[in-house]
Amino acid sequence: MSFADPAPKAGFRLSQLIYDTRYRSYTIQVVVLLLLVAVLVWLVNNTVANLAVRGKDINFDFLWGRAGYDIGQTLIPYTNDSTHGRALVIGLLNTLLVAVLASFFATILGVIVGVLRLSNNWLVARLMTVYVEVFRNIPLLLWIILVFVILGETRPGPKDFKVTQEMLDAGQQPAASMWFWDSVAVTNRGTNIPRPLLEHGIGSFDILGLPINLSVIATILVLFGSIWVNRILLRKASAMQEATGIRPTTWWKSLLIIVVPTLALLLAMGLHFEYPELKGFNFQGGLLVFHSLTALLVALTLYSATYIAEAVRSGIQAISRGQSEAAHALGLRPGRTMSLVIMPQALRVIIPPLISQYLNITKNTTLGMAISYMDLKGTLGGITLNQTGRELECMLLMMLIYLALSLLISALMNIYNNAVRLKER
Amino acid sequence: MRKSVFLGTVAAATLFAGLASAGTLDDVKARGQLLCGSNTGLTGFGSPDASGNWTGLDVDVCRAVAAAVFGDSTKVKFVPLTGETRFTALQSGEVDVLVRNSTWTYSRDTDLKLDFVAVNYYDGQGFMVKKDLGVSSAKELDGATVCIQSGTTTELNLADFFKTNKISYTPVNVADDAEALRQFEAGACDAYTTDASGLAASRAGLSSPQDYVILPEIISKEPLGPAVRHGDSAWGDVIRWSYFTMLIAEEKGITKANVDEIVKAATDDTNYDPEVRRLLGVDGDMGKLMGVDAKFAYNIIKQVGNYGESFEANVGTNTPIGLARGLNALWTQGGLQYAPPLR
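Residue numbers (UniProt numbering), protein chains in the order written: chain V, 1 to 425; chain A, 1 to 343.
Watch out, some of these pointers could steer you wrong.
Not close to chain V: a few residues of chain A, all C-beta gaps over 10 Å, as computed [to be verified]:
{"hint": "1", "residue": "Pro80"}
{"hint": "2", "residue": "Gln183"}
{"hint": "3", "residue": "Gln210"}
{"hint": "4", "residue": "Ser220"}
{"hint": "5", "residue": "Thr267"}
{"hint": "6", "residue": "Glu312"}
{"hint": "7", "residue": "Pro320"}
{"hint": "8", "residue": "Gly334"}
Keeping only pairs whose Cα atoms sit at most 25 Å apart, straight-line, the calculated SDA-like set for lysine to any residue is [claimed, not checked]:
{"hint": "9", "chain 1": "V", "residue 1": "Lys162", "chain 2": "A", "residue 2": "Ser136"}
{"hint": "10", "chain 1": "A", "residue 1": "Lys113", "chain 2": "V", "residue 2": "Pro77"}
{"hint": "11", "chain 1": "A", "residue 1": "Lys113", "chain 2": "V", "residue 2": "Phe60"}
{"hint": "12", "chain 1": "A", "residue 1": "Lys166", "chain 2": "V", "residue 2": "Pro77"}
{"hint": "13", "chain 1": "A", "residue 1": "Lys221", "chain 2": "A", "residue 2": "Asp72"}
Here are a few chain V residues that face chain A, going by a calculated C-beta distance under 8 Å [as the list claims (entries may be wrong)]:
{"hint": "14", "residue": "Tyr69"}
{"hint": "15", "residue": "Asp70"}
{"hint": "16", "residue": "Ile71"}
{"hint": "17", "residue": "Gly152"}
{"hint": "18", "residue": "Glu153"}
{"hint": "19", "residue": "Gly157"}
{"hint": "20", "residue": "Arg235"}
{"hint": "21", "residue": "Ala268"}
{"hint": "22", "residue": "Gly280"}
{"hint": "23", "residue": "Asn282"}
{"hint": "24", "residue": "Gln284"}
{"hint": "25", "residue": "Met369"}
{"hint": "26", "residue": "Ile383"}
These are computed hints drawn from the structure, not numbers from a lab.
Just so we're clear, the structure is a prediction, and the values are computed from it rather than from any experiment.
Cβ atoms here follow ideal geometry from the backbone N, Cα and C, with glycine treated the same way.
So that you can see chain A by itself, here it is in the shape it has in the complex (with noise of 0.2 Å):
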């Protein structure tokens, strides 16, 4: 009897361990907290700022998805990770949802059975070197020393690039961006790899960036998104609605600012555009059908804003890191953002 009892505990607890990953947005909802695993810093993507305010654009996804689930895009906490980390972080459900500047790969679709959900920034692997190395272009760098963040896509691109111009490299693999970041300022390095954006960014934050330059070579394709586990459909679909609603947004030009007024026009006026009307939850309840409030879209542009307002706001011509929108400019304006109907 006492076997019987003994194993019906270790059953049990194993069927527990098991259950607890079920259903990701009844957990956090359940807490009342959004854990969101980000970067340990890369400004304008995600990082805090000295009164530890998380900004960035990969952190506007994530107030998003909180301000869909909660009504309160501040109901999040975010989860520093560097490249070793995040993807173990994220399986173990340290975090529920992962945007880290992530690469969406084959393998780890697969093999790491992640699931990646949306693209919300295309970006390419680019070489960063000092101003006076005289180098134009990347493949000008044979026998250089380059700095990489090791665990990541970029060590990989970096190997078959030297390798596809038949060159040489030394390479210096370092763990941690920031630290990566302060072997190259101080020269244990030539070049420095990471995916454009962030080199832009990591440019920004250096003590004198106008002795920097960044080649023009982009060696690789590197769409980043957020990414969720595998086998939980219904919290990746409400990552992506919560992203999508964002570029939907800037497709229909409701902001931030205007949004009260739309909702006001679309709710007077049964003939307004009927994808605005049920964008916004005045015609019927768009919010049920993935386990959220009616009003999701409505509180997701009412407090982070659309994709448009995010992106200039974070990473855009006007800030220091100064990225043109390029590939990530709307469909509609020759981008690659596009957003599936919502109806």
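Excised from the complex, chain V in its bound form (with noise of 0.2 Å):
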């Protein structure tokens, strides 16, 4: 008796391709995948076609002629004689200011609020709440404008600040003053800071035109060091402390190690300051940040950081109660509980929301092309797109180098999830 007839041995029949299940489903992808090589290769013919009725070409060429406009806000020296290629770094660097700036500012201020929204504090917990939904519901572009106009409408003009002699002699105070014993002018047009100068830095050298402060280098270094310093004490402390039970007081050692060997090499190389003065029209000396950098740098902060508080508070939610209560029947109070023990559990779900929240800042940082913000979108999308005339070499330009940040920013927070994620084995 035979269960079954065996199969037919028959051969391969083209319509199996469609009526037989096994093949079926790779004749789908095999058509979608020809469709979709179909459209890329019509667009990028329809494209090349176009240009080519126009007379114009795809050429990369322009980023080596002179930009021949200036550009106010600049991190590297930059005049009008650079190229257009530099007029991009300098719009790059402008973007990556902001971006770090903002991540930073925004996860500690998420963090905080994160935190504070959990509170048992009723109207703490309230207020963050009402802070979180306010941002986070309205259009980012409009908050930009809203600090950029605030900033520039309602702070003095620089010649209110100036000083007379008639005045002096009347007893009259100028209509403004500068702040922080006279170092700090907010005016209507930027804020002006002090500029740190050192008297015998170490010198500075070009890496593809780009300078390279070796004081700054080194500054950072000794930093490190003093960090890495400050760990191995801790270490030792925790390990005295868990072979005695006391741990010995470590506080004023941390602060001596950070801060005295930063502060002498400072020192050494003779830091001082420069400050703003008023001269003529403008303030002169010192450093100008510009209210576009201020609104964006604000804005970005305020509102990513209801995202991030946000992400916050689910990771922390997502930690079972029994942690916190386990660590209450232990005694610990309720800072350490969060600092030891449902932080760190918390992170894990907190940082991948957070990447995206990183990648989110970088990439709104064009929306500061509303207030002149002369980041990439500045540079290379606006200026240098218009004097040149080269549309799609910029914009193609543009777009990989978002891309290539975006996922280096990826890449980065990725390494640092893998880091602090369960290790499961």
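Make the complex out of the two chains shown on their own, each in a separate frame, by following the hints.
Next comes the structure, spelled out in structure tokens:
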């Protein structure tokens, strides 16, 4: 007795591609892939053909041509004789500057707000809820413009800071005055702050036209070295605590280790400050932080912090109540419960959404174009694009740079995520 | 076989994409409307009023083209463009012609693949400052903050001017002209720079124009004119001669008001000025040569007026902008506006 007829041994037929479930999924995948390729080919072909009709080509030579325009806020030296390529770098650095600072401040603010939102204090928790809901639910662009307009329209002009001899004689006060012992002036154009200068720095050299300041690098190295030494100190203190049950007092040693070497190096290099001073139309000397940067930074921070706060809150709430109850039962105070028990576990939940927040912040910096912030979109995608008429090239380059930037941030954050996540064996 | 069909489709699609931009005049006629790239709002040159009617010197050039092509100067759709988007909009075919106080330069003519067909306003770049700044010359602006519209020739001229005079400045590059003016008015910059005509127009629109002065220096040549895409000379001719018609009309003293009388006089009298007879389509059909109606010039003059009328109505001394003819007077009156003979 046979249970079934042996399967027919017929050869492969073409119709099997559609009717045979073993092959059908492959058929569908191949067809979709072919269609996708066809669309891509059509797009590229269409672009090239249309460019040819207009007599234009794809050419990146303009990057080495003279830019001819000036940029207000630059992190590295730039004049109108520099190339479009350098203007691109200026824009990129401005983008990175605001992205890094906004990520930093938004993280601090977000963590504080996220924790406070879970506070038992009714008023504090409700205030944080209001803050989160208000900032999260109004478009970022509006916040940026609002902060910019408030700064520009409410602060006095530079000439209101002027003090003349007649005014002194008459006992009059100028309409506006500088803050922090005459070192910081906030005008309707920007914030003038003191500029740190070194009497005898170690010098600097250029890599591909980008100045690398050795003094800054040395300072950073010394600071990192101090932090490393400090960690050794803390590890020893912990070992002592585990062995004897008594933790030695370390705070003043930590402070000394971190502050003294850096300070000594800076003083040895002759650190002094150049203060802004009203000369002519504007404050001269010092550093001028344009309001476009301040406004973008403030708005981005306040806006993104709400999302980070929500991520932090969800992370904390994901930890079971038993954890904090157990910590309390052991006699840990609320602050230590949070930092030693809850946060390390919550981080595993918080990091992944945090990555996407950092990416969002980086991409949202392009909104700075509304308030004339000269980021990558402002230089390469704005002025260079317009002066050279190379729209396609500029757009492609810009997309490529933002893509690379986002992937880089993703990669770095994923490395960190792998370090803190639960190790399962 | 399937592959060849696919390749054929791709080839055909590419071909059509190419063909679509072949004859702008035919495209415009088929659409029944002229798409004209204009300023987002510059009083006297191109701006919409409260009820959405566009007026201005640049706007009149567009209206003249519509009058020549359709016999109806109202068949224009004005597309407001910023300094940064204007050339892209023209090249991508979003507009048929760009009349947006754009400066004719070498690189725009060659590298950007544009054709500037005429100069409807000879301009130069100047500076405007607040009166209480106490500045009487642009050379005293050392250390000043200057608001500029980014993506313009003014940006480059500004850099050159400060460089040649060995003085420094801080630029505030603003993408939109209106925003640049707002920042200037709010005091975010000491000086505001753009074409002198634009300064006069902007000043007229400020809340207290008497508090602002335009400095005497003109630091550049800014020939402003209508631009079309490279490679469609037939369409360029239509724009060019629509504009020249307005010039010839002024030269011959033909105005909106008297054009009907002159047509009648020229029709009755065969000894009337032959150029006027040709212009107004009384003698022969000049329109046919560039593919428009024989009465195109009559339509332009009747519906838009001659150049002088347009100038006086939009930016002349009796308007709030108050510009003198200066370089823009006819060549017969010592200016630069000159039309080749119509024959």
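*Numbers of the earlier hints that this structure fails to satisfy, in rising order*: 2, 10, 13, 20 and 21
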